[in-house]
Every structure is written in structure tokens, then in C-alpha cells.
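Colleague: One-letter residues, chain by chain:
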Amino acid sequence: MTDNPAIELTGIDKKFGPVHANKNINLTVAKGSIHGIIGENGAGKSTLMSILYGFYQADSGEIRINGKPVAIKDSQTAISSGIGMVHQHFMLVENFTVIENIMLGAEGGALLAKGVASARAELKRLEQDYGLEVDPDAVIEELPVGLQQRVEILKAMYRGAEILILDEPTGVLTPAEADHLFKILRVLRDQGKTVILITHKLREIMAITDTVSVMRRGEMVATRKTAETSVEELAELMVGRRVLLRVEKGEAHPGAVILSVKNLTVKDNRGVIMVDNVSFDVRAGEIVGIAGVAGNGQSELLEAIAGIRQPVSGEILIDGQPIGKASPARLRELGLAHIPEDRHHMGLVLKFEEYENSVLGYHRDPKYGRGMMLDLEAIRRDAQEKIEKYDIRPPNPRLKTANFSGGNQQKIVVAREIERDPRILLIGQPTRGVDIGAIEFIHKRIIDMRDQGKALLLVSVELDEIRALSDRILVMFAGHVVGEKTADAGEQTLGLMMAGIAA
Amino acid sequence: MDSIDILISILGSTIRLSIPLIFTALAGLFSERSGIFDIGLEGKMLAAAFASACIAYLTNNAWAGLGAGILISVALSLVHGFASITNRGNQIVSGVAINFIVAGLTIVLGQAWFGQGGRTPQLMAAGRFGEIKFPYAEELRGSGYLGKFYADVISGHNILTYLAFAAVPISWWILYRTRFGLRLRAVGENPGAVDTAGISVTWLRYRAVICAGILCGFSGTYLAIAQSAAFIKDMSAGKGYIALAALIFAKWKPVPVMFACLLFGFLDAFANFMQGKQVPGIGEVPVQIFQALPYILTCILLAGFIGVAHPPKAGGVPYTKER
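From first to last, the protein sequence lines stand for chains V and X. One point on numbering: in my numbering, the residue at position 260 of the first sequence is 260, and numbering is uninterrupted. One point on numbering: in my numbering, the residue at position 192 of the second sequence is 192, and numbering is uninterrupted.
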């Protein structure tokens with residue numbers, strides 16, 4: 001065996017127009033190790049890996065694999081050089097079976113029949129060697145995401161990958177599924193494969209990697225042995241300044257019940273019951289967190305309370321008064337504000353300029369115009385104030401919203417909803433795709449709201465976030481609230497509840 | 001005529017009217033399963049009809065006509081591919097443009113070359129695809145209904161008719177049993193998966209539209225030199241759109257496509273038959289009502305009777321690598 005590193009990148013440089021995505025990157029990944037690459041959104045991690053996988057070509061720089069220089073001009077070259085990639089958004093054909101997806105691009109002949117037999121045999125072997133079990137005849141869209149991801153890994157292994165790149169692999173997984181994934185990655189490493197893990201979650205880096213490299217604004221700022229570094233040091237390297245990782249908050253002082261949900265049942269668009277007979281209260285001055293794996297009814301619950309989705313049965317009360325079929329606009333008048341889970345889908349119109357989004361939904365307010373006419377001056381002034389208060393960058397209300405980074409887009413939504421000074425705030429995934437610096441800011445705002453005596457309902461798939469912010473935690477599984485815990489409940493307890501195993 | 005005779009005559013003409021629909025709908029199937037919407041089926045069919053009629057007239061050879069029809073139709077497919085695959089243009093606009101250009105150009109060229117008001121000259125027998133008589137057809141005609149069915153529905157069509165029915169299982173086999181078919185279905189659902197598997201999305205989609213071109217070449221040729229004996233202006237008469245409806249109705253699957261086309265062909269044949277006939281209890285019904293039936297049926301069926309038709313997920317969306 002040679003001592004050549006699995007991957008050696010020297011002087012990789014890549015520009016997209018004016019955006020300098022990768023600046024003179026050097027990186028060495030040792031064979032048979034798990035190497036983490038960490039950085040905020042937009043730091044250039046994904047671009048770098050896409051270059052390695054032949055999705056883009058670097059403007060300059062050299063790639064060496066096992067000591068030999070390779071020109072990776074397309075994914076085909078990458079695959080034949082032994083590189084496999086598991087993308088953040090799975091590259092699977094959803095209405096194909098597992099075996100069809102695995103064979104795609106490696107069919108073994110012009111006719112399928114022969115290839116299918118050998119693919120089955122190979123899958124059997126991979127299953128035995130690495131514990132990658134999956135039913136080859138299952139249709140992808142009917143599999144849970146954890147298994148879909150396993151199919152992606154199998155796809156890479158089937159093509160003989162020696163180097164496996166995983167881009168943000170745990171974003172869609174339950175804690176238990178993530179643990180299982182890590183177990184698989186360790187087996188792969190122990191069998192001599194090289195694993196590159198891209199993530200922005202510090203905890204994962206500490207849990208599984210051997211070495212970690214930190215990227216910031218297109219540059220590789222440091223590489224450390226995981227055993228010799230700390231979460232604090234990595235966070236500081238990522239952001240470029242000291243970051244408060246723990247949310248500081250005082251004791252909650254819950255007051256009267258403001259929002260209450262009684263025996264609520266909600267169906268989704270397909271007519272499937274997603275929220276099943278759920279009841280709870282939210283008091284003034286407390287944050288109630290709803291934990292759960294995505295797709296267990298949290299979204300439908302939020303939408304029902306926000307007046308976007310009509311419940312099938314049960315009621316929602318504000319100050320003890322049932323809201324009936326009140327429209328979202330009417331609910332806003334009652335003092336309810338909503339930071340929706342998906343800012344692109346519901347929170348913003350990306351083609352609008354920033355100031356337009358900063359009043360969206362409140363544009364009927366006399367402050368912003370009269371009758372049919374909008375007072376653009378007033379709106380822009382108002383937007384400018386919010387930009388300053390929330391440090392939205394770049395500070396330009398006339399910029400198209402799509403051109404803001406994810407964190408700043410989220411701040412536009414947060415500013416709009418919080419500055420209305422609502423009494424009830426519904427918060428969905430407040431920090432999805434938001435970098436650490438902005439997370440810190442948004443979390444602080446949420447705690448401020450609580451201390452001002454507002455009633456807050458928080459839905460997040462990030463268990464850490466739920467635990468850091470909530471005063472009480474409800475766990476949802478398959479449409480039911482399976483239990484309530486206090487904020488100091490252990491991660492493992494909550495994780496098991498989220499998987500529907502314990503109550 | 002007793003009612004069985006009527007039925008057999010309607011069935012015979014159902015077959016004849018379904019053939020261009022089957023070819024065209026299969027053409028659409030290849031294109032759309034690869035993610036390229038093809039509203040230009042109509043134009044390709046018309047262009048192929050014109051080209052085949054011209055060449056068949058000049059060479060007095062039906063096969064040369066077929067070759068010309070396929071050639072021009074594939075050329076138009078490549079134009080559609082260049083606009084919508086290479087340049088990532090709007091696929092509907094590109095398809096509509098092809099329809100317009102062909103509708104005008106065939107008439108202008110036809111008039112300029114032959115001076116018959118956009119028609120091409122009448123073809124001799126050798127320039128057409130003639131009927132093929134199956135063995136014993138004449139003898140069996142007199143021997144009961146089955147014999148009649150054999151003689152008038154199964155036998156007595158031209159070669160392209162039989163090719164159309166052969167094209168159905170062949171298309172199925174290509175789509176579901178070959179590497180090309182697997183990749184073609186994949187690229188219409190998630191081109192990203194194809195790209196990351198190291199396969200060229202562009203080349204794959206070009207091959208799919210070329211398949212569509214070949215099949216449209218057959219359908220146009222059938223119209224001009226098998227069903228008729230000359231090109232007549234606008235002779236495709238919306239069949240390209242009906243074929244698209246059949247494709248949606250059949251949920252983008254080859255065998256259901258054939259049945260959907262037969263159904264539309266039957267309605268067409270029925271409308272022809274009802275021309276000038278008395279409907280019991282109502283009297284004579286304007287033929288337009290029967291002619292409208294396929295369209296009304298399409299609306300009703302698409303509005304809910306066939307359930308949700310899921311088009312290929314990446315259909316109509318040009319592929320760009322994500323940033």
C-alpha cells in the first residue's frame with residue numbers, strides 16, 4: 001500500500017461571474033479516513049465537491065487522486081476514478097425501483113435483463129459487507145428518506161467508489177437514522193474507503209470525523225485533527241469571530257393561556273389525516289416547542305393555526321374565543337403572526353424587491369397607504385428601519401429578494417413578523433439554511449419576544465434548536481402528540497419519542 | 001346492411017383512422033418521457049406528408065417517399081431539440097413555431113412547385129403503399145362474421161398499418177427492456193440523476209426527439225401516400241393534437257396509447273358513418289356534433305374520469321446544472 005493521500009487538491013480556483021466561490025483551495029484527504037468539511041452556507045463547500053465530482057470544472061488548480069493527477073471533466077471521469085457522491089437533494093428517480101436507480105448509468109449492456117441479475121448479486125454482497133440493507137424492488141417514493149439515502153450510498157458503492165462524498169447527509173434524518181448512517185460510514189472507513197463529509201453541524205463533525213477542514217467565504221481557513229480541536233474553535237473559524245453557541249435565557253414566567261388547541265384534526269392535500277386529535281395550550285411568556293421528524297404533522301398543525309388550512313374537526317381558541325374559519329388576515333388583526341416553515345414557498349416572493357416583501361401581508365395597514373394606493377415612500381422608510389435593526393445585508397431595500405443569502409432572507413421574514421408586535425407568534429423552522437451568525441441573532445429575537453410576554457409556538461426539525469429555545473417540548477409522531485417534556489429532557493429520550501418508540 | 005356489416009365497416013375505418021394517431025402518439029411518448037414537450041407533432045406530421053408526397057411523385061416509389069418523410073420530420077425534431085435542449089428555450093413556443101412554419105411552407109412550396117393550389121399531383125399506384133391482402137381473405141369473406149372480420153378488418157390494409165401495430169410492442173420493449181429506455185424514462189423524471197450517473201442529458205434527449213421525428217415521419221407518410229394519393233393542404237387536420245390528448249389519456253404508456261388512439265379513431269369513424277343518417281327519435285343530427293365527440297370526450301376524460309395523469313416530472317423544464 002502506498003502512502004499517497006486519497007485526494008490532493010492544489011490551488012483550486014472557481015468563479016461564477018462576479019462570485020469567487022473557491023479561492024486557491026488546498027486540501028489533502030488521507031486514505032481510509034473520515035474527513036469533515038465545515039463552513040457556513042455559501043462558504044464554497046458544495047462548489048468544491050462539485051468540482052471534485054466533475055459537475056463543474058475549476059478555473060485553475062490540480063486534482064490528484066492516489067497521487068496521480070486527474071483531469072475530471074465530467075461525472076463519468078469522477079466515477080471511473082473511484083469517486084462517489086451522495087447529494088444533499090437525492091439524485092434518485094422517484095418512480096423507479098431501487099434496483100433501477102442503482103443500475104442507471106451502469107446497466108452492464110444494451111439490454112437490461114442480464115444486468116439485473118448481476119446487480120442483484122452485487123447488492124447482496126454490499127448488503128453483507130457493509131450492512132446496507134434495502135429491498136431492491138421497492139419503489140423509491142415509498143421509502144423513508146433514511147432508506148433513500150442508503151440507496152444513494154449503494155449507488156456509489158455499486159460503481160466501485162473508493163472515495164465517498166456526502167453533502168449535508170443528516171439534514172433529513174432522525175437522530176436515530178443519523179446514528180445509523182454514522183455507523184455505516186465507520187464500517188466503510190474500516191474497510192479502507194475514504195469518506196468526505198460536508199456539513200454545517202459542528203456536533204456531527206466532532207462525533208464522526210478524523211480530520212476536519214474549515215471553509216469561510218470561498219477559502220480554506222484551517223485543517224485540524226478532530227481530536228485536537230473543539231466545537232468553540234471550529235465555530236470561531238467558520239464565522240470569523242467568537243460565537244455564542246448556547247442560547248442565553250432566563251427563567252420563563254408563563255402567564256394566562258393565550259392560544260389553545262382542542263382535539264384538532266387536520267388532513268393534508270391528499271386527504272390523509274396528518275394531525276390527529278391534538279390538544280395543547282400556549283401561555284403568555286413561554287415558548288412551546290414541537291419536536292418531530294419532518295412530515296409527522298407539524299407543518300399541517302402550523303398551517304391550521306395560521307388559518308391557511310381548514311381543520312377537519314376540533315377548534316383553535318385565542319383568548320378563549322374560538323377562531324372558527326377566520327382568514328389569515330383576520331388572525332393577524334387578532335395579534336397572530338406567522339413565520340412560515342418554507343420562506344421561499346410561503347414567506348417571500350423572491351422576485352419582489354426587499355421592501356415589498358417587508359410589508360407583504362400587512363400592506364393593507366393604513367401606515368403603508370390609503371385605499372387602493374400604496375405609500376411607497378413610507379414602505380421603503382419602514383423597510384430601511386428594519387434593515388438597520390436586523391442587520392440585513394446588503395442594506396438595500398430596492399434589491400431583488402432572490403439576491404439575498406438564505407440567512408438574510410430569513411431575517412426579512414422574521415423582521416416583518418416580529419416588528420408587528422404580535423401577541424402570538426408561530427415559528428416554523430426559523431433557522432433552516434441559515435448560517436451560524438444569523439441563527440444566533442434570530443434565537444436572541446425569539447427569546448426577547450418571550451420575555452416580553454408573548455405566546456410562542458416553535459416548530460423545528462433541529463432537535464438542538466428545540467431544546468435550546470423551548471420552555472416546554474411536545475413531541476409529534478404520526479400526527480399525535482406522543483408526549484410532553486421539559487426543556488432539560490435528554491436528546492436520546494426525545495429522539496426515541498420522535499421515532500415513535502417511547503412515550 | 002345489417003348491423004354486423006355496419007359494425008365491421010366502422011371497425012375497418014377505425015383502424016385506418018387510428019394509424020396516424022398511433023404513430024404520432026408514440027412519437028410524443030418518446031419525446032415527452034424524456035422531458036421534452038412536443039406540441040410540434042402536428043407540424044412534423046404535416047411536413048412529412050408533404051415531403052413524402054413530393055418524393056413519391058418524383059421517383060414513383062413509395063419507399064423513397066417514406067424516407068423523405070422521415071428525413072424532414074427528423075430535421076424538424078432537431079430544430080426543436082436545438083431550441084429546447086441546447087438553447088433551453090421554451091418547448092411550447094418552439095413546437096408552435098414549427099407548426100406554423102410547416103402549415104405555411106407546405107402550401108407555398110406546393111403551389112410554387114406544382115401549381116395546384118397547394119396540392120401535390122395525384123400519385124400512381126407504385127408511388128403509394130397499397131393494400132395487402134391476407135391469404136384466403138376473399139374466400140373467407142362469405143363464411144360468417146369471423147370471416148368477414150378477417151377479410152375487412154384484419155386484412156386489406158397497407159404495410160404502414162401493420163407497422164403501426166408492431167411499433168406499439170416495440171416501443172414498450174425499448175422503453176422497459178433496454179438501457180436506452182431506462183435512461184430515457186429517468187431523464188424525463190430527474191435529469192439530475194442521469195447527469196450525476198455520468199450520462200449526457202443533452203445527447204439522451206436528442207436521441208429521444210430523433211425517435212419522435214422518425215415516428216412522425218411514418219404518420220405523415222401514411223396520411224399522404226397510404227391513406228390518400230396526394231398531399232392536400234392542412235391534411236393533418238389537428239391529428240397531432242388529438243394524438244397528444246391520447247398520450248395524456250394513456251398516461252404516457254405505450255399499450256394504453258394504442259387503445260386510446262383506437263378509441264379516438266372509432267369516434268372519428270362513427271362520426272363519418274353518422275353523416276346524413278337519421279338518429280332514432282331525434283332526426284338528422286348535424287355531423288359537427290359527432291365530429292366534436294373526440295374533443296368533448298377528451299375534455300370529460302381528462303377532467304376526472306381517468307384519475308390524475310402524472311406527466312413526467314421534468315417535462316417542459318430545460319436542464320441546467322444547479323448552482
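No lab work stands behind these hints, which were simulated from the structure alone. If you're wondering where the values come from, they're calculated on a predicted model, not measured in any experiment. Any given hint could be a false lead.
To be verified - Derived Cβ-Cβ restraints for the label pairs, each shown as a range:
hint, chain 1, residue 1, chain 2, residue 2, range
1, V, Gly146, X, Gly89, 46 to 52 angstroms
2, X, Thr59, V, Arg120, 48 to 54 angstroms
3, V, Ala138, X, Thr59, 51 to 57 angstroms
4, V, Arg270, X, Ala292, 41 to 47 angstroms
5, X, Tyr162, V, Gln128, 30 to 36 angstroms
6, V, Gly453, X, Cys299, 41 to 47 angstroms
7, X, Gly89, V, Arg270, 48 to 54 angstroms
8, V, Leu399, X, Leu297, 47 to 53 angstroms
9, V, Glu133, X, Gly89, 24 to 30 angstroms
10, X, Leu146, V, Arg120, 45 to 51 angstroms
11, X, Val317, V, Gly146, 25 to 31 angstroms
12, V, Lys124, X, Ile4, 42 to 48 angstroms
13, V, Asn24, X, Gly89, 33 to 39 angstroms
14, V, Leu399, X, Val317, 22 to 28 angstroms
Yeah, the Cβ is synthetic: ideal placement off N, Cα and C, and Gly gets one too.
Colleague: Does each hint fit the structure? Answer for all of them.
Modeller: Taking the hints in turn, this is what the structure says about them:
Restraint check, Gly146 (chain V) to Gly89 (chain X): a C-beta distance of roughly 40 angstroms breaks the suggested window 46 to 52 angstroms. Between Thr59 (chain X) and Arg120 (chain V) the beta carbons are some 53 angstroms apart, a value that agrees with the proposed interval 48 to 54 angstroms. Distance hint for Ala138 (chain V) and Thr59 (chain X): a CB-CB separation of about 55 angstroms, consistent with the stated range 51 to 57 angstroms. Arg270 (chain V) and Ala292 (chain X) have their C-beta atoms about 35 angstroms apart, which leaves the hinted 41 to 47 angstroms range violated.
The supplied range of 30 to 36 angstroms is broken by Tyr162 (chain X) and Gln128 (chain V), whose beta-carbon atoms lie about 51 angstroms from each other. Gly453 (chain V) and Cys299 (chain X) have their C-beta atoms about 58 angstroms apart, which leaves the hinted 41 to 47 angstroms range violated. Look at Gly89 (chain X) against Arg270 (chain V): about 34 angstroms separates their beta carbons, and that is not inside 48 to 54 angstroms. The beta-carbon spacing between Leu399 (chain V) and Leu297 (chain X), approximately 52 angstroms, falls within the hinted interval of 47 to 53 angstroms.
Between Glu133 (chain V) and Gly89 (chain X), the C-beta spacing of about 45 angstroms breaks the proposed range 24 to 30 angstroms. Checked against the hint of 45 to 51 angstroms, the pair Leu146 (chain X) and Arg120 (chain V) passes, with Cβ atoms roughly 46 angstroms apart. Taken as a hint, the range 25 to 31 angstroms holds for the pair Val317 (chain X) and Gly146 (chain V), whose Cβ atoms sit roughly 28 angstroms apart. Judged by the Cβ atoms, the range 42 to 48 angstroms given for Lys124 (chain V) and Ile4 (chain X) is violated: they are separated by roughly 58 angstroms.
Our hint of 33 to 39 angstroms for Asn24 (chain V) and Gly89 (chain X) holds, since their Cβ atoms are close to 38 angstroms apart. Separation of Leu399 (chain V) from Val317 (chain X) is about 27 angstroms and conforms to the stated range, judged on CB atoms against 22 to 28 angstroms.
Violated hints, listed in ascending order, are 1, 4, 5, 6, 7, 9 and 12; each of the other numbered hints is respected by the structure.
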